[in-house]
Amino acid sequence: MSISKKGLLAGVATATVALVATFVAPAAYAGTSSAACANVGSGYAVQKGKTVEVFTSVVGDELTRYAAASADFTACTGIKINWNGSDQFEAQLPVRVAGGTAPDLALVPQPGLIAQMVATGKAVPAPNAVKNNINRYWSKSWRGLGSVNGTFYAAPNSANLKSLVWYSPKQFAKYGYTVPTTWTAMMAQSDKMAAAGQTAWCGGIGSGGATGWPATDWLEEVVVREAGATVYNNWINHTVKFSDAPIIHAMNTVWNWMGNSKYVGKVSTIATTSFQDAVTGIPSGKCMQLQQASFIAASLPAGSVVSPTGDAWVYYLPGINPAVTTPVEGGGEFYLAFNSNKATVEVQTYLSTPQWAVSRIKAAGSNGGWLSANSGVPSSTYSNPLDALSAKYLSDPSSTFVFDASDAMPAAIGNGAEWTGFTDWFANGTPVKTVAAKIDAAWPSASN
Amino acid sequence: MSILNRSKAPKIAEQNAGRKLFGSRGATITVWIMAVIWTIPTFGLFATSFRPKADISSTGWWNLFLHPHLTFANYSAIFSTSTVSGIPNGIWPYIVNSFVITIPAVIFPITIATMAAYCLAWVKFRGSDIIFYGIFALQIVPIQLTLVPLLNLFRSGADSGAHIGSLTLIPGLNIAGKFAGIWVPHTMFALPLAIYLLHNFIASLPRDLMEAANVDGASHFTVFRRIVLPLSIPAIAAFTIFQFLWVWNDLLVALTFTGGTEGIDPLNNKLAGLAGTWGSHWELLTSSAFIQILVPLAVFFSLQRYFVRGLLAGSVK
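As given, the protein sequences belong to chains A and B, one line each in that order. Residue numbering for the first sequence follows our numbering, beginning at 1 and increasing consecutively. Residue numbering for the second sequence follows our numbering, beginning at 1 and increasing consecutively.
Hint data in this document are derived by calculation from the structure and do not stem from the laboratory. Incorrect hints may have been included.
[Claimed, not checked] BS3-like cross-link-like pairs, simulated, lysine-lysine; straight-line CA separation at most 25 Å:
| # | chain 1 | residue 1 | chain 2 | residue 2 |
| --- | --- | --- | --- | --- |
| 1 | A | LYS50 | A | LYS122 |
| 2 | B | LYS178 | A | LYS50 |
| 3 | B | LYS178 | A | LYS48 |
| 4 | A | LYS122 | B | LYS124 |
| 5 | A | LYS342 | B | LYS178 |
| 6 | A | LYS80 | B | LYS178 |
[Stated by the list, open to error] One-sided excerpt, in silico: chain B residues whose CB lies under 10 Å from chain A:
| # | residue |
| --- | --- |
| 7 | GLY157 |
| 8 | GLY172 |
| 9 | LEU173 |
| 10 | GLY177 |
| 11 | THR256 |
Because the structure is a prediction, the values reported are computed rather than measured. Cβ atoms here follow ideal geometry from the backbone N, Cα and C, with glycine treated the same way.
So that you can see chain A by itself, here it is in the shape it has in the complex (with noise of 0.2 Å):
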C-alpha cells in the first residue's frame, strides 16, 4: 500500500514537472544545431517558433517514432512538427477541410481521399522542391499515385510490399530448388515438387469475417503482372470489368496455380484452413510456397528462423509479361498539403528527401517495420533484412507499383462480393465466369 501512495506521489509530482515543462518548452529553444543539420540536409532557412501541424492516423508508440524521427529538422530549423494523430483520422479529414481548419499537412493513406481532398478545392499541388525530389527518387507509378489530373500533390511516406511468396531456405536447399526469378520457372519448379509428391503451394483463405482476403491478393498479383497498372487501375474504378478478359483471365492463371490440385492438395480446404495456419507448414517442408506479405511472419511456428538460410524467407514473386517492369502491390501514405506557407513547404520538402526516410527507417529500430520507396535510401540502413529485401523492390525506379486493389474498391466489393465469391469459388470449385458475374452484379450503381 505505501508503494502505492508512493508511487501515486511520484507520479503527481512527475507530472507537476512535466506541465511545468510542457509551458515553458517553447522558450528553451536555443538555436540551430550544426550536428542535427548534417542529418536533415541543406538548402532550409531557419524559422525560429513556427508550428507545422502533420494530421495523421498514425498513433501511439508509432507516432513517438514520427516526432523522435523529426527532432533533428527541428533541431535545425526551429520549425516544430505537430504529430497530430487521430484514429478518426479518414472522418476527421474531411469535416476540417469543409470547416475551413484544414491540417497544414495531412498523411493520406488511401489515393482515393487524396482525390476526394484536391476536389474541394483546398488542396494545394506540391511545391517545386517536392517535385524535383519525386522525380529524382521515386519511380513512375509512386508520382501517379500522388496526382489527380495530371497534377503531382502528395509525396509517398512508407509503403508496404505484398508480392512475396514465403518458402523455407532449408527444405530448398535439402532437395535442391532454386529461388524462382521468372513466373514460368517458378511453375515449372511446382511442378517438379508435385511429381516429388510435395505439396508446391500453402494456401488459406480463411479469416473469421473477412475470409477470402488472401485470395483477392493472389488475383491483384496476377492482373498486375499479366495486364500492367493501368488495366489495374480501370478495374479498380469499374471500367474494366470483374468478366472482362484480361480478369477472367487472370482468373483462370490464378485457378490454374492456387486452384491447382496438382500444387495445393484438395482445393476446398483452402477456403476453410485460416490464413495464419497456412504458414506453419513452410518450416517443415509440409507444403513448399505461400503467397503473402510480410506480416505474417508473426504466425510462423515459435522457434522457426527467419534469414536466408533458416526456416523461413521470401522471394519476390516473379512477373509474367515482360511489358510490365518489376510489377508489384502494396500500400503506402502520402503527404497532402492544405497551404503553401514557407513553413509548411519547408516540412513538405523534407519529407520527401531521403534523409528524412533514413531517420524514420533508424528511429523504427532492430525490428523494423518502416519501408521506403525511396530509391536514395542505401539499402545499408535496413536493419531488418527482410525491409531491405522489400525496399529494394519497392524503390527499384522501373518498378511497376499498384495499390491493394480490393482496399481501393468500393467497400461492398473489396470487403463484401469479392471475398464471398472467392470463398464459394475456392471451396465449391465454382466457375470463374459465375464468379465475375455475381462480383459484377454486386457493384454499387452510384459508385464514382
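Keeping the supplied structure of chain A fixed, place chain B upon it in accordance with the hints.
For chain B alone, kept in the frame of chain A given last:
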C-alpha cells in the same frame, strides 16, 4: 368527508401495491442480478488494468483471482513520460484539459438555462410560448449537421464567419482550436434540453409563492435568486450530472473543435490512440479508461440523491 376518503382509498392501495411489488424478495433478487450483470464489464476492466500485458493477451481477467499477479505497469505507463503511450508527458495534461473543458461547459448552459427557464415560465410577455417551443424544437437539429458551419464561424481568415452571398452576418470569431471554441458548442448543444427541463420544473413551482413575493415588492431578480434558485436545486443538480457526463464523455465535439495538441485536447481524444496504430498496446486502454470513468463516477455519487428527484423534473407537470 367520508365520500372523499373513500375516493382516495384506492389510490393509496395502488401505491402500496407498487411498493409491495418493488419491495418483494423476487424484485430485490432481480435488481441485484441486474446490478451485478451491469457491473461485471466495468469490474473486468478494473481487474484487467492491474494485470501484466502478457497475462491480458493470454487469459481472461477472472484468472486474476486464481493467479494473483498484480502490476502497476499499465498505470505508470500512462502517467509517466513513456514513449509506449505516444504521449510525451503522460495523460496529465489531457486530464487537466478535460476539466478545463468540462467545468465551464457545465456552468455556462446551466446559468443561461435557469434564467431563461424562469423568464419563459413566469415573466409574461408576448410570444414567450413561441420562443419556448422554438427552443424546444431546436433539439431536433442533429449535432453532426452543425459541425462544419460552426467550424467556419469559429475560425478566422478568408470566407470565415456566416454570410449570405457577399453580406457578412457574423464575422469569423477566431476561437477555433481554443478553449472558447469548445465551450461555445457544448453550451449551444446543451441549451434546448436544459431550458426545457428546467422550464417545466420551474413552471410547476407554486404560484402562491411568486405572488406573495410580488406583493412584498420583490423584483424578478429577487424572486429568481431567493425563491426559484433554492427550490430548483434538484432539477439543476440532475441536469449538472447529465451535462457533466455528456461533456466529459464527448468525443465528437472535442475531435472536431480542438486543435489536436497537448494544450487543449481532452483525455477522450487521446484514449483511443493509446492502443497504437496496430492496437499493440491496448493494455494501456484498461488503465486510462478506468481513470477516465473515475471522475464521472465521483460526480454521479456525490449528486445522485438529487438524480432520481431531478429525473422526474419536467415529466410531471
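Against the structure, the hints come out as follows:
no.	hint	in the structure
1	A:LYS50 to A:LYS122	holds, 21 Å
2	B:LYS178 to A:LYS50	holds, 18 Å
3	B:LYS178 to A:LYS48	holds, 22 Å
4	A:LYS122 to B:LYS124	violated, 50 Å
5	A:LYS342 to B:LYS178	holds, 24 Å
6	A:LYS80 to B:LYS178	holds, 19 Å
7	GLY157	holds, 7 Å
8	GLY172	holds, 9 Å
9	LEU173	violated, 12 Å
10	GLY177	holds, 7 Å
11	THR256	holds, 6 Å
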